[in-house]
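Student: Read off the chains here:
Number of protein chains: 4
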Amino acid sequence: MARARPADGSARERILVAAEELFAAGGFDATPTSRIAERADVPKGLVHYYFRRKADLLTALVERLPDERIETAKVVVPGDIAQSLRRLVAELDRRLSSSVMLSHLLWREADTHTGVRDALQDRYQQLVAQVRAVILAAGVGGLAVADIDSASGLLALAVSYRHSVARHAVDEGPDEMERELEFIASALTARASERGAGTGDELGGALKPGQ
Amino acid sequence: MARARPADGSARERILVAAEELFAAGGFDATPTSRIAERADVPKGLVHYYFRRKADLLTALVERLPDERIETAKVVVPGDIAQSLRRLVAELDRRLSSSVMLSHLLWREADTHTGVRDALQDRYQQLVAQVRAVILAAGVGGLAVADIDSASGLLALAVSYRHSVARHAVDEGPDEMERELEFIASALTARASERGAGTGDELGGALKPGQ
Amino acid sequence: MARARPADGSARERILVAAEELFAAGGFDATPTSRIAERADVPKGLVHYYFRRKADLLTALVERLPDERIETAKVVVPGDIAQSLRRLVAELDRRLSSSVMLSHLLWREADTHTGVRDALQDRYQQLVAQVRAVILAAGVGGLAVADIDSASGLLALAVSYRHSVARHAVDEGPDEMERELEFIASALTARASERGAGTGDELGGALKPGQ
Amino acid sequence: MARARPADGSARERILVAAEELFAAGGFDATPTSRIAERADVPKGLVHYYFRRKADLLTALVERLPDERIETAKVVVPGDIAQSLRRLVAELDRRLSSSVMLSHLLWREADTHTGVRDALQDRYQQLVAQVRAVILAAGVGGLAVADIDSASGLLALAVSYRHSVARHAVDEGPDEMERELEFIASALTARASERGAGTGDELGGALKPGQ
DNA sequence: AATGAATGAGACTTCATTCAT
DNA sequence: AATGAATGAAGTCTCATTCAT
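In the order they appear, the protein sequences are chains A, B, C and D. Read in full-length UniProt numbering, the first sequence has 191 at position 191, and its numbers run on one by one without any break. Read in full-length UniProt numbering, the second sequence has 54 at position 54, and its numbers run on one by one without any break. Read in full-length UniProt numbering, the third sequence has 73 at position 73, and its numbers run on one by one without any break. Read in full-length UniProt numbering, the fourth sequence has 2 at position 2, and its numbers run on one by one without any break.
Just so you know, the hints here were simulated from the structure itself, not pulled from any lab data. Note that the Cβ used here is the ideal one computed from N, Cα and C, for glycine as well. Any given hint could turn out to be false.
As the list claims (entries may be wrong) - From the structure, some residues in chain D lie toward chain C, with a derived Cβ separation under 10 Å:
| no. | residue |
| --- | --- |
| 1 | A25 |
| 2 | A30 |
| 3 | T33 |
| 4 | K44 |
| 5 | F51 |
| 6 | R87 |
| 7 | A158 |
| 8 | E176 |
| 9 | S186 |
Can you build the whole structure from these sequences, using the hints too?
Tutor: Okay, here's the thing in structure tokens:
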């Protein structure tokens with residue numbers, strides 16, 4: 001075996017990348033560490049040198065999850081919920097595109113590995129909060145709390161679904177997403193105006209974004 | 001090993017039940033056939049007698065998926081979309097409750113086993129179609145095709161999510177579902193009335209349910 | 001691999017024999033199960049089929065220890081302690097000769113494996129009791145309890161030593177044993193007569209052999 | 001890893017101490033060099049820097065064996081064999097107490113490592129010679145060579161047993177030792193007087209201690 | 001039809017040892 | 001002199017699968 005120096009990335013890094021790809025493709029259990037070593041072009045022993053147990057690979061992978069926090073101000077178009085959300089989704093897409101496999105992997109292994117599950121839930125919660133924050137910031141006023149919750153939940157669901165699980169489902173493409181997004185946005189504003197003012201449950205200024 | 005009496009189920013049946021539970025709990029790869037035999041209380045050899053390859057167990061499991069087709073008429077409350085959907089979801093819940101594990105299992109193994117993936121997609125498509133059919137049947141008139149698509153997609157997503165994947169997510173409980181359902185229903189009607197009549201893209205009678 | 005039917009002993013038996021020899025020769029830890037399989041001429045998997053964990057081999061070996069209980073009456077020559085002990089030792093030698101390796105092995109692994117240690121201690125205790133019983137049965141009368149205890153302990157030590165540990169020590173051969181045995185026997189009788197009668201601590205009839 | 005200061009012992013020394021403890025506790029084969037490094041609080045590489053092969057640790061350990069030669073004159077009480085032996089044993093106990101682990105270790109590994117075996121045998125021979133020398137020096141006269149040999153052998157056995165192997169056996173405590181010692185001593189004198197003078201096999205001055 | 005012994009490929013993991021620095 | 005990354009051989013154990021009965 002000639003291989004010796006890092007080549008493009010450190011050996012450790014190459015191992016992680018290989019693991020991510022193989023886990024995502026075939027599942028954690030079905031992927032032998034030997035195949036990971038092979039793909040990373042490192043000797044088998046090195047995999048266990050860096051990650052004593054196979055599960056440590058998963059842990060390390062989870063810790064590599066990019067922080068997908070997006071500054072609300074950057075995407076919000078005041079007064080236009082649909083456009084704001086559209087820009088949020090676009091930004092999320094851009095950021096997450098690098099980790100679709102990883103995200104997908106998480107869904108598969110969440111049952112069996114605590115810690116993976118936790119990371120997954122955190123991520124989802126963060127997503128909901130972000131959507132919520134954008135809706136509020138773009139908010140036209142007069143929105144009911146419950147409606148915002150529903151809208152955030154549904155959109156987060158759709159986004160998360162596309163990024164993590166969609167592999168199995170019929171490939172809906174971006175059109176579907178756009179349509180649903182628009183539906184949600186319009187629904188929000190429609191409901192707002194329909195209610196007129198002062199139903200009592202609309203938002204005051206006190207609502208802290210992200211909570 | 002004295003065990004013999006078919007008693008509560010044939011040996012074959014017991015094996016399948018055991019496999020379903022174990023696969024769902026730990027994943028396909030992580031579940032040894034020996035443990036399946038053990039749980040089914042059958043000799044180890046019998047598992048392979050009925051299912052020569054381990055994957056055959058998965059195949060058989062998929063074929064056992066209950067038909068969840070629900071007669072539209074049974075749940076529709078004409079003129080009341082929200083109520084109609086609510087009854088649809090309740091009925092789905094009732095039927096699917098017996099196969100949550102199985103459903104969940106399918107998500108996990110869909111990547112690796114064609115046939116599982118196919119079954120999963122069929123199921124999802126069927127679900128969308130059903131929601132759609134109900135919306136149409138309860139339909140207040142003046143609904144845009146795009147809106148119906150979006151609404152069906154979102155609700156199907158929420159339902160499917162709860163039944164198959166939700167195990168990992170924060171337990172939202174039925175309230176969340178109800179709120180989202182209501183949001184979608186109101187959105188639909190709100191948008192309908194808002195558009196008034198005759199925008200040209202509302203539904204004719206031609207739309208075939210299930211397509 | 002053609003091998004199939006038991007040949008000379010059952011496969012299980014051959015595995016145990018191979019394990020005993022190899023463990024005794026090289027120690028438990030230094031002996032790979034693969035070499036055991038090789039020597040027993042069975043496929044590697046079969047070793048683990050019968051003995052799931054390597055340590056189970058040790059356990060099984062311990063359970064195979066022959067019962068070395070010898071009927072006191074058979075060896076005792078009344079009135080002649082030396083001859084009685086000589087015959088006891090001869091009989092023990094005859095019985096144990098088949099398990100010297102095993103005995104030796106036990107000493108080595110007693111530290112690390114409870115259960116091995118227990119078996120070893122039981123064996124030793126049994127040995128002491130047996131020597132004691134023979135001395136009593138051959139007893140010339142007027143023996144002090146303490147002397148009998150000492151004599152039993154010392155002889156048991158010498159025997160046990162020869163059978164289990166002696167491999168490392170200078171090979172003393174049977175002559176040494178004979179000399180020590182005679183020394184002990186004469187010492188006993190010498191001490192008895194020297195004390196004369198009635199020092200008060202000699203044995204009554206109440207002393208239960210084996211206790 | 002800040003560790004640096006030689007403080008209580010040089011790194012090499014700390015490694016040896018750690019090795020001794022771990023080998024004695026778990027056996028040579030079962031003890032990874034990495035654990036030795038850990039316990040000695042030195043980097044893993046340093047262990048192999050000082051001791052290229054793992055077996056070198058054993059060799060070095062053997063060479064560290066304290067010289068247990070005791071000056072005969074220091075313990076002998078002329079005319080009183082029992083007391084002389086008692087003092088010898090006490091002195092041996094005092095010296096050896098620091099190396100019980102090491103002694104024990106030697107027994108375990110003697111099979112597999114020549115050199116360890118040799119050291120062990122030397123030690124034992126030395127012990128026998130020492131007991132012999134003490135008996136002679138305290139000697140009451142009229143002792144038969146064979147008796148002295150037997151007595152030396154038995155006592156050496158008992159001592160060696162306590163120091164090296166006794167870990168497994170029922171804990172007999174010092175009382176047992178004392179009783180056996182006394183038994184041997186009395187036996188010697190009893191036999192001596194019993195024989196009276198001139199059986200012809202008593203000792204001349206020729207017997208070289210240590211042989 | 002049913003069973004459990006038997007098989008062997010291969011998984012994960014450990015570890016002594018080497019080597020570049 | 002000292003270190004820790006790197007290596008690969010080997011070990012234990014698991015398991016799907018086959019086979020004789």
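Student: Report the numbers of all earlier hints that the structure fails to satisfy, in ascending order.
Tutor: Hints 3, 4, 5 and 6 contradicted; others consistent.
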